[in-house]
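**Student:** Residues per chain are reported as follows:
Protein chains: 2
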Amino acid sequence: MATRFVSERNIQFLLYEVFDVESLTGYDYYSQHNRKMFDMVLKEAVKLGKDLLFPLFEEMDRKQPELVGGEVKVHPSMKKIIKEFAEGGWLTSTVPFDQDGEQLPNMVADICEFIFAAANYSANAYAGLTKGSSHLIECFGSKDLYETYVPNMRAGKWQGTMALTEPEAGSSLSDVATTAEPTDQGYYAIRGQKIFISAGDHDAAENVVHLMLVKIAGAPAGVKGISLFVVPKYRPGADGTLVSNDVATSGIYHKLGYRGCPIAQLSMGDKNDCRGWLVGEPHQGLKYMFQMMNEARIGVGMGATAMASAAYYAALEYSRSRQQGRKPGQKDPNSPPVAIIEHADVKRMLLLQKAVVEGSLSLLTQCSKYVDYQKVLDGENRQKYNLLLEILTPVAKSYPSEMGNLAISQGLQCLGGSGYCDDYPLEQYYRDCRIHPIHEGTTGVQGMDLLGRKVMMQQGQAFAHYVNELQETIAAAKQDSELAGFAGRLEQALDRLQEVTRHQVAVAEKQGAEVFLADAVLYLEYFGIITIAWQWLLQGIAARKALESGPKKKDRDFYAGKMYALRYFYGYELPKTEGLAARLTDDDKLTAEMGAEAFND
Amino acid sequence: MATRFVSERNIQFLLYEVFDVESLTGYDYYSQHNRKMFDMVLKEAVKLGKDLLFPLFEEMDRKQPELVGGEVKVHPSMKKIIKEFAEGGWLTSTVPFDQDGEQLPNMVADICEFIFAAANYSANAYAGLTKGSSHLIECFGSKDLYETYVPNMRAGKWQGTMALTEPEAGSSLSDVATTAEPTDQGYYAIRGQKIFISAGDHDAAENVVHLMLVKIAGAPAGVKGISLFVVPKYRPGADGTLVSNDVATSGIYHKLGYRGCPIAQLSMGDKNDCRGWLVGEPHQGLKYMFQMMNEARIGVGMGATAMASAAYYAALEYSRSRQQGRKPGQKDPNSPPVAIIEHADVKRMLLLQKAVVEGSLSLLTQCSKYVDYQKVLDGENRQKYNLLLEILTPVAKSYPSEMGNLAISQGLQCLGGSGYCDDYPLEQYYRDCRIHPIHEGTTGVQGMDLLGRKVMMQQGQAFAHYVNELQETIAAAKQDSELAGFAGRLEQALDRLQEVTRHQVAVAEKQGAEVFLADAVLYLEYFGIITIAWQWLLQGIAARKALESGPKKKDRDFYAGKMYALRYFYGYELPKTEGLAARLTDDDKLTAEMGAEAFND
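Just so you know, the sequences run in chain order A and B.
Using our numbering, read the first sequence as starting at 53 and increasing by one per residue.
Using our numbering, read the second sequence as starting at 53 and increasing by one per residue.
Excised from the complex, chain A in its bound form (with noise of 0.2 angstroms):
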């Protein structure tokens, strides 16, 4: 039914208008590349979308992946998905011309990996795991692993895995115990389990290669014991035949959603054969895997805003073509109905679902861009860049994750009770998008990395390293009569929030870290909402730019729309942060104080 995910017109606005990515070609690293070819590759992308992955997105849902007699298998088409990635260099877009990638700037690459996640986010996470487990190996695994995976992994022939989760490590990663056993023979003896393990094992694929958190025998207690291993599903003989590895499929989740791609539980060594090679040094393992586990908390940002995407243009293409009712005011029942899209709350309902998809993309694009000066610019310049990415992290993760999931809603709740229904897609990106406030670090634990880590690191270089961006972008602001009142808005909820800031470092030191930490993730929320409200006022000023030159129709609605979004998000969504600061500043702490027994009844 629905026909687009993604808004072409508001990928070049983002790219070329509000964060100008061309700017990158004037360094070295990135001096090979032009506007025209970024265009090529953002038109390349859209088609494999719109041809190969879009049309599957319902029908991998319906026919969910199988275990049949230990073998997990997916849909079909999955070989030449991932076939196509791979052939398209869809594997290695960021991966440096030296390492036969395309070196692209992470700007270009990563909002491919949107325009593909909103067409089939299942499809593409078998993509997003291979490159992000690849470069890990890359980064930290000796010469002879890489040459023995990466090719493998960035042909498409071999998937990659994060196998992190456990049955009693979840959250907790410290209590780890999948072990490894030191032998004479370069390898480690593994054993253990892991469970939720996304594209833990499949028929499209020859071979699947797990990045796993282990202890090695002997190891300390707690994070500090924690190893990076490879433990592939089928090692590689001298000759180079697959031999089995003994790693067991024992069983895979029936989701609410996400349902294209499988979840499988593990087993390694019940055979006494699964063997491990150790990653980097012995018990850095949780430091190298948080290199990807980054990468992949902001591509779960990516993916939650690439289906509140999808949803958007499906609730809007419905929206405009379904008649029912008539305006406030107009009495008479003989006139004809207008379409729902006419309707004042069905225009609220979409301009939340387009303030949080562009705001998010937004966000995730200044994010990609931090990743791209960290690889043109060295020294101080680069640190801030680091940091900026640092505490931009739990915020790029969990915004859209929440927020993606009630924009869904809204889009839902736009079709009444045909978005109930599975002859429209709602449903189904109702279903999907709820697995991202979960996995890769649920919105709890990103809260106690925003509020508890990242906002204190460094003496809180980070946070004022933020501060200043935003001032900068207020400044800028300032300048158009237009954005004057929108940027002394964002100007004062700036300011409550370093008060509220500075309210919690101190409750932190005087009441501890749990009381500090109980309402991590309303700091987090809150943090968010200011985060994306820069975000539409730096879209703003691009936007004011665009009408000032006396654009034709077509861009004339386009910006103006831009506008309309951004006093959506100024006059709905920045007043949320006068109650979450209330809170934030109440000393009643109640759930730190309660103890369990007051649920009893």
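Don't read these hints as lab results, they were simulated from the structure.
The reader is advised that the hints may include incorrect statements.
Because identical chains cannot be distinguished in the list, a pair is counted as satisfied if it fits within a single copy or across any two copies.
[Claimed, not checked] Here are the simulated DSBU-like cross-link-like pairs (lysine-lysine), alpha carbons at most 30 angstroms apart as the crow flies:
no., residue 1, residue 2
1, Lys606, Lys102
2, Lys641, Lys628
3, Lys379, Lys641
4, Lys125, Lys115
5, Lys628, Lys562
6, Lys135, Lys209
7, Lys115, Lys605
8, Lys641, Lys604
9, Lys276, Lys383
10, Lys641, Lys383
11, Lys606, Lys641
12, Lys605, Lys99
13, Lys641, Lys597
14, Lys339, Lys383
15, Lys131, Lys604
16, Lys604, Lys323
17, Lys115, Lys135
18, Lys641, Lys530
19, Lys427, Lys339
20, Lys125, Lys102
21, Lys339, Lys379
22, Lys379, Lys276
Use these hints to put chain B onto chain A, whose structure you have.
**Tutor:** Okay, now just chain B, sitting in the frame of chain A:
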């Protein structure tokens, strides 16, 4: 996995300690009842829920209704369930003694509905529809119609429905196009289509009796031309045999949830042989239907509360048993993990659920009490409680529907990845509950009903009564030093609500209906939060009274839990009204002003 779906202790608290249902037995109409009987009824309801309904909750989702050769097959247990409902007197619990009913107070009967819906919403929906539609015939139908249909419906043999929606008449009922041509045989010839008809056809009943909105040929356009008809699937012949009445089931929907109950598309008169019988006067159909609709709206709020209740107890059970992580500040990785209910953020998520479930159930019981008062009082008092019920109906429908979805989402979140999988019931509650903001009038429709009709009705009398009710509770709470602070905050919020309402009324006068109603959904949300804050203060008064009487440890925990939930609501939910009030007094009426072309890109 989960073993509970309601708290019997909380039901006792609401019925006896907060709302004093026993006081009703002082009125003639309820004088035959006493507490012992109420307790027996409640115990029977819980037993039926536990023994029959709850064990089928998951299975009825997995084995969905099917349309086979024009016949809808539902879960084979539905026959038994309907039989037990009928034999247990559950279809006639509020029917007067002189019609062989139990004449129970609505407060008790509605709590029984809550129990059934919490055990298995889909199964209870069949019964709810039969009760509502037979009541409609009882109130407005002829003696003949009553005798032909009502006894069979109340015996559970015939299913009742409400048949309103059509392909081109969803939220806009004025566009109903199903027609009735009068004949000289006492019936009308019906022709048309109805869609989204819950329990609209199935093989667990011998017949289906549709209470249908239809336009008599030549009727005025719009809602003034709508009449109410009884249109059975099989019409009873003179000898009592059933003859097919040309009502064809043209399809059933595949839905996100609520799968135990079939939702049908019906086609009437394809063979020119569909007969309908007028209920009451011509062109009064919508007025009559609103009796059932208002009951159904309260029923939806109850259903949403019930699902959120069952989800809450499932999440609570998991949070008590699942061990994961350590308290902040506990640095020793060798220390044992704690149950996740010990984590402040999990307590916050559980408190949100508790506050929504118990706050909503309190409001719904308040509404039931108003229904009871209308049965036992007359004159001005009766009118007062009627107005209170009118103004609270959109709130009692929407607050639980909207917040129930968020509460269940938080319940799912408590389980992390397990919440996303169908080994646990949370994902089903999440799917099931999403229907509630849609059916029986969307949240958008409820917003317009509250702000556009109820707040203004009879020169604002309903609103004035509402303010009085809250003020009485505030005054009572101020007598207790432990509650005075909360009472003061509700008083402030109520003052602000009155200001905001005056502002809205001024907008209606100066800027017209479209601008006035543009943010009606936000007004509904705002009004809802304040209403539930009132209900929590009422519960606080009862809890404090009990705590002062020196209760036993078990009761002390229960009442302490009430006080924590009250603190949660005033600390975390009530502050949300600040942002909403800011928005509702903001002059930027962008959604009324914006043209649809600004969504172009």
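**Student:** Run every hint past the structure and note whether it holds.
**Tutor:** Now the hints, each set against the structure:
no.: 1; hint: Lys606 x Lys102; verdict: within (23 angstroms within a copy, 61 angstroms between copies)
no.: 2; hint: Lys641 x Lys628; verdict: both (21 angstroms within a copy, 18 angstroms between copies)
no.: 3; hint: Lys379 x Lys641; verdict: between (47 angstroms within a copy, 15 angstroms between copies)
no.: 4; hint: Lys125 x Lys115; verdict: both (10 angstroms within a copy, 24 angstroms between copies)
no.: 5; hint: Lys628 x Lys562; verdict: both (28 angstroms within a copy, 27 angstroms between copies)
no.: 6; hint: Lys135 x Lys209; verdict: within (8 angstroms within a copy, 59 angstroms between copies)
no.: 7; hint: Lys115 x Lys605; verdict: neither (44 angstroms within a copy, 53 angstroms between copies)
no.: 8; hint: Lys641 x Lys604; verdict: between (55 angstroms within a copy, 26 angstroms between copies)
no.: 9; hint: Lys276 x Lys383; verdict: between (71 angstroms within a copy, 12 angstroms between copies)
no.: 10; hint: Lys641 x Lys383; verdict: between (53 angstroms within a copy, 22 angstroms between copies)
no.: 11; hint: Lys606 x Lys641; verdict: between (53 angstroms within a copy, 24 angstroms between copies)
no.: 12; hint: Lys605 x Lys99; verdict: within (27 angstroms within a copy, 67 angstroms between copies)
no.: 13; hint: Lys641 x Lys597; verdict: between (47 angstroms within a copy, 24 angstroms between copies)
no.: 14; hint: Lys339 x Lys383; verdict: between (66 angstroms within a copy, 18 angstroms between copies)
no.: 15; hint: Lys131 x Lys604; verdict: neither (44 angstroms within a copy, 65 angstroms between copies)
no.: 16; hint: Lys604 x Lys323; verdict: neither (69 angstroms within a copy, 56 angstroms between copies)
no.: 17; hint: Lys115 x Lys135; verdict: within (20 angstroms within a copy, 37 angstroms between copies)
no.: 18; hint: Lys641 x Lys530; verdict: between (39 angstroms within a copy, 23 angstroms between copies)
no.: 19; hint: Lys427 x Lys339; verdict: within (20 angstroms within a copy, 69 angstroms between copies)
no.: 20; hint: Lys125 x Lys102; verdict: within (25 angstroms within a copy, 39 angstroms between copies)
no.: 21; hint: Lys339 x Lys379; verdict: between (58 angstroms within a copy, 22 angstroms between copies)
no.: 22; hint: Lys379 x Lys276; verdict: between (64 angstroms within a copy, 18 angstroms between copies)
Hints 7, 15, 16 from the list above are not met by this structure, while the remaining hints are.
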